[in-house]
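**Student:** Chains as they are written, first to last, in the working numbering: chain A, 8 to 325; chain B, 8 to 325.
Quick caveat, the hints were computed from the structure, so don't treat them as lab data.
Take the hints with a grain of salt, since some may be wrong.
Copies of the same chain look alike in the list, so a pair counts if it works inside one copy or between any two.
[To be verified] The calculated DSSO-like cross-link candidates involving lysine-lysine, where the alpha carbons are at most 27 Å apart (straight line), are:
id	residue 1	residue 2
1	LYS113	LYS78
2	LYS10	LYS304
3	LYS25	LYS39
4	LYS256	LYS230
5	LYS10	LYS113
6	LYS256	LYS113
7	LYS230	LYS39
8	LYS10	LYS230
2 protein chains.
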Amino acid sequence: MTKPLTILDIARLAGVGKSTVSRVLNNDARVKDSTRAKVQAVIDQHDFLPSKSARAMRAQRSGVVGVIVAKLSSNSENTALTGLLNTLYARGYDAAIMETQFSQQKAQAHLDVLKRRNVDGIIFFGFSGCDLSALAPFAPHCVVLAIDSNDYASVSYDNQGAVTQVMAHFYAQGLRYIHFLGIDEHDETTGRARAHAYHSFCDRHQLPARLHRCEMSLHAAYKATDSLIDSQTQAVVCASDTLALGVAKRLQTLGREDIAIGGIGNHDMLRFMFPRAVSVELGYHQAGQHAAELLLKQLDETPTEITHWTQPCHLVVP
Amino acid sequence: MTKPLTILDIARLAGVGKSTVSRVLNNDARVKDSTRAKVQAVIDQHDFLPSKSARAMRAQRSGVVGVIVAKLSSNSENTALTGLLNTLYARGYDAAIMETQFSQQKAQAHLDVLKRRNVDGIIFFGFSGCDLSALAPFAPHCVVLAIDSNDYASVSYDNQGAVTQVMAHFYAQGLRYIHFLGIDEHDETTGRARAHAYHSFCDRHQLPARLHRCEMSLHAAYKATDSLIDSQTQAVVCASDTLALGVAKRLQTLGREDIAIGGIGNHDMLRFMFPRAVSVELGYHQAGQHAAELLLKQLDETPTEITHWTQPCHLVVP
DNA sequence: CTGTTAGCGCGTTCAC
DNA sequence: GTGAACGCGCTAACAG
Numbered sequence: 008m009t010k011p012l013t014i015l016d017i018a019r020l021a022g023v024g025k026s027t028v029s030r031v032l033n034n035d036a037r038v039k040d041s042t043r044a045k046v047q048a049v050i051d052q053h054d055f056l057p058s059k060s061a062r063a064m065r066a067q068r069s070g071v072v073g074v075i076v077a078k079l080s081s082n083s084e085n086t087a088l089t090g091l092l093n094t095l096y097a098r099g100y101d102a103a104i105m106e107t108q109f110s111q112q113k114a115q116a117h118l119d120v121l122k123r124r125n126v127d128g129i130i131f132f133g134f135s136g137c138d139l140s141a142l143a144p145f146a147p148h149c150v151v152l153a154i155d156s157n158d159y160a161s162v163s164y165d166n167q168g169a170v171t172q173v174m175a176h177f178y179a180q181g182l183r184y185i186h187f188l189g190i191d192e193h194d195e196t197t198g199r200a201r202a203h204a205y206h207s208f209c210d211r212h213q214l215p216a217r218l219h220r221c222e223m224s225l226h227a228a229y230k231a232t233d234s235l236i237d238s239q240t241q242a243v244v245c246a247s248d249t250l251a252l253g254v255a256k257r258l259q260t261l262g263r264e265d266i267a268i269g270g271i272g273n274h275d276m277l278r279f280m281f282p283r284a285v286s287v288e289l290g291y292h293q294a295g296q297h298a299a300e301l302l303l304k305q306l307d308e309t310p311t312e313i314t315h316w317t318q319p320c321h322l323v324v325p
Numbered sequence: 008m009t010k011p012l013t014i015l016d017i018a019r020l021a022g023v024g025k026s027t028v029s030r031v032l033n034n035d036a037r038v039k040d041s042t043r044a045k046v047q048a049v050i051d052q053h054d055f056l057p058s059k060s061a062r063a064m065r066a067q068r069s070g071v072v073g074v075i076v077a078k079l080s081s082n083s084e085n086t087a088l089t090g091l092l093n094t095l096y097a098r099g100y101d102a103a104i105m106e107t108q109f110s111q112q113k114a115q116a117h118l119d120v121l122k123r124r125n126v127d128g129i130i131f132f133g134f135s136g137c138d139l140s141a142l143a144p145f146a147p148h149c150v151v152l153a154i155d156s157n158d159y160a161s162v163s164y165d166n167q168g169a170v171t172q173v174m175a176h177f178y179a180q181g182l183r184y185i186h187f188l189g190i191d192e193h194d195e196t197t198g199r200a201r202a203h204a205y206h207s208f209c210d211r212h213q214l215p216a217r218l219h220r221c222e223m224s225l226h227a228a229y230k231a232t233d234s235l236i237d238s239q240t241q242a243v244v245c246a247s248d249t250l251a252l253g254v255a256k257r258l259q260t261l262g263r264e265d266i267a268i269g270g271i272g273n274h275d276m277l278r279f280m281f282p283r284a285v286s287v288e289l290g291y292h293q294a295g296q297h298a299a300e301l302l303l304k305q306l307d308e309t310p311t312e313i314t315h316w317t318q319p320c321h322l323v324v325p
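Please build the complete structure, drawing on both the sequences and the hints.
**Tutor:** So this is what it looks like as structure tokens:
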């Protein structure tokens, strides 16, 4: 493990000054072609790589964006993350990814670390009960994903549209007894917004509304099914595909496969296990990309206004 | 957005020298308590955070470890990642996570970036067909996960033991016609090692071996089931829980629920959808932790020998 | 115990 | 076109 070369070593080897090497590295036009070639040759020969630490210190920008997610095992989050990373890589940025496990305390700790790292920006995956005010020191170089915010740029999912599309689908099929399984109101998006869209649809179309809530887990949905359905039930719409999987399993066990199932998230597993179920593609991947693009744009040109983007969704039928 | 304070600002504000502030920051004992308190007060008051870029440059170590994974959406990988991250955070390291999507080319590009970032070490999640030689510049500050290597420290899963445990379980139940669904031999671990363990068990116990291979996907497993089983089949062991889910679904459709199912990976979904299936917990989370610990140990004390660790596994029955 | 000094590797003025 | 000199924020070595 030999000590890595510095820009000065290259300069000496090429018989030029430090700054000339620096210019070559940064594609500065003011270098004679022959000199450039000579320097480049030395660089290639030793495959010299300029230190980003030094560059970061000098330029006051690290080329790193901090990404704070709640849970890497979440399908929505890791899908968005993949889209986001590709966009960042393409622009020469790296990501410092940190996981909060839904703990506001960990989020705060991570933000502190990211501040010391001089990250150029932050992408924050919102979760139920998170405290966005901790992002203040980073504004306007941050984007929040999956929740709305008045204070920061945001990319959110179309919770309202997703539920409405599933409901409209069943409604168009002539179904009228459509029940809904959601999660705690405390959750702004998956909990409150989606339940609200359900009620709203029922009102508009004069449908009998019947809604239950449970924990966001397969088992909870499974158990909640019995108290949600009755002999009239024609369809169950769920606030997420995880819930839909739980409900579908229970309905299968009960032999109630006459009941239609709708979910949100377009999870592979739901389509595979219960092909008859419908789901809504929320566009996690694209939302991730969009969040990254938004952040990068903010880094380039200090923004005039706070931007909000709602990711379009679309129904996926068998 | 006011310009962040530097250690010099703090020194002036506290009426001391730069290095005294530095000593306070690094818990150097040689500071009078009263002075320390005075400096700390100023630090707290302005919630000053020392720049890691500068520190990295000075210390020639960035406090960052590069983590290269194949696919964030993989259950095994993101589970291991979570374990790994917690361990790194606890020791004050951050992770630069990069995704290869199984592309060796991307892996190489990521490694180049990580080298310029002066990362202190690398944790590389092995995938089928990956070229470990690209890690050479980082040795001995790297650990590979999920595959074996003679050249680098590694943490691998007990592929042999996992298959053997499932087989032994079925064998103990008196089952003798146990078939196996695997993936391409080209994959060293999930493909070759697990198939080999199957054959080996059959030989030892004089069981008729019947093995098929398919792509690693729910649908492929679903379709492969028909040609794998026959009227005698008593159990199907799968090289992964994904395959097991595909097979189980097909068997359910066929009404062949007399056939026992065994998988590897202890995936939540398998246990929920098919509670009668058995699976093996490979210890992804712990393997991730262990990989991080191994790397950190190597960073502390330059290692004498290349360490290899096989993560113990255990059967999970209903 | 504490202040002063000298770099770490690089980019960016300035002169030449 | 090119090189020398300076400074980014911090830590280590040396004085006091």
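**Student:** Checking an output row: LYS256 and LYS230, CA cutoff 27 Å. Within, between, both or neither?
**Tutor:** both (10 Å within a copy, 21 Å between copies)
**Student:** Is it within, between, both or neither when you check LYS10 against LYS113 at 27 Å Cα-Cα?
**Tutor:** Close across copies (26 Å), not inside one copy (36 Å); limit 27 Å.
**Student:** First find the shortest C-alpha distance between LYS256 and LYS113 inside one copy, then the shortest across copies, and answer within, between, both or neither for a cut-off of 27 Å.
**Tutor:** Intra 35 Å, inter 40 Å, cutoff 27 Å: neither.
**Student:** Quick one: LYS10 to LYS304, C-alpha cut-off 27 Å, is that within a copy, between copies, both, or neither?
**Tutor:** between (37 Å within a copy, 21 Å between copies)
**Student:** Is it within, between, both, or neither for LYS230 and LYS39, if the alpha carbons may be no more than 27 Å apart?
**Tutor:** Classified as neither: same-chain Cα gap 74 Å, cross-chain 63 Å, threshold 27 Å.
**Student:** At most 27 Å between alpha carbons: which applies to LYS113 and LYS78, within, between, both or neither?
**Tutor:** Answer is both: 12 Å inside a copy and 25 Å across each meet the 27 Å cutoff.
**Student:** Is it within, between, both, or neither for LYS10 and LYS230, if the alpha carbons may be no more than 27 Å apart?
**Tutor:** neither (61 Å within a copy, 55 Å between copies)
**Student:** Could you place LYS25 and LYS39 in one of the four classes (within, between, both, neither) given a Cα distance threshold of 27 Å?
**Tutor:** within (15 Å within a copy, 43 Å between copies)
Of the numbered hints given earlier, the model fails hints 6, 7 and 8; all others are met.
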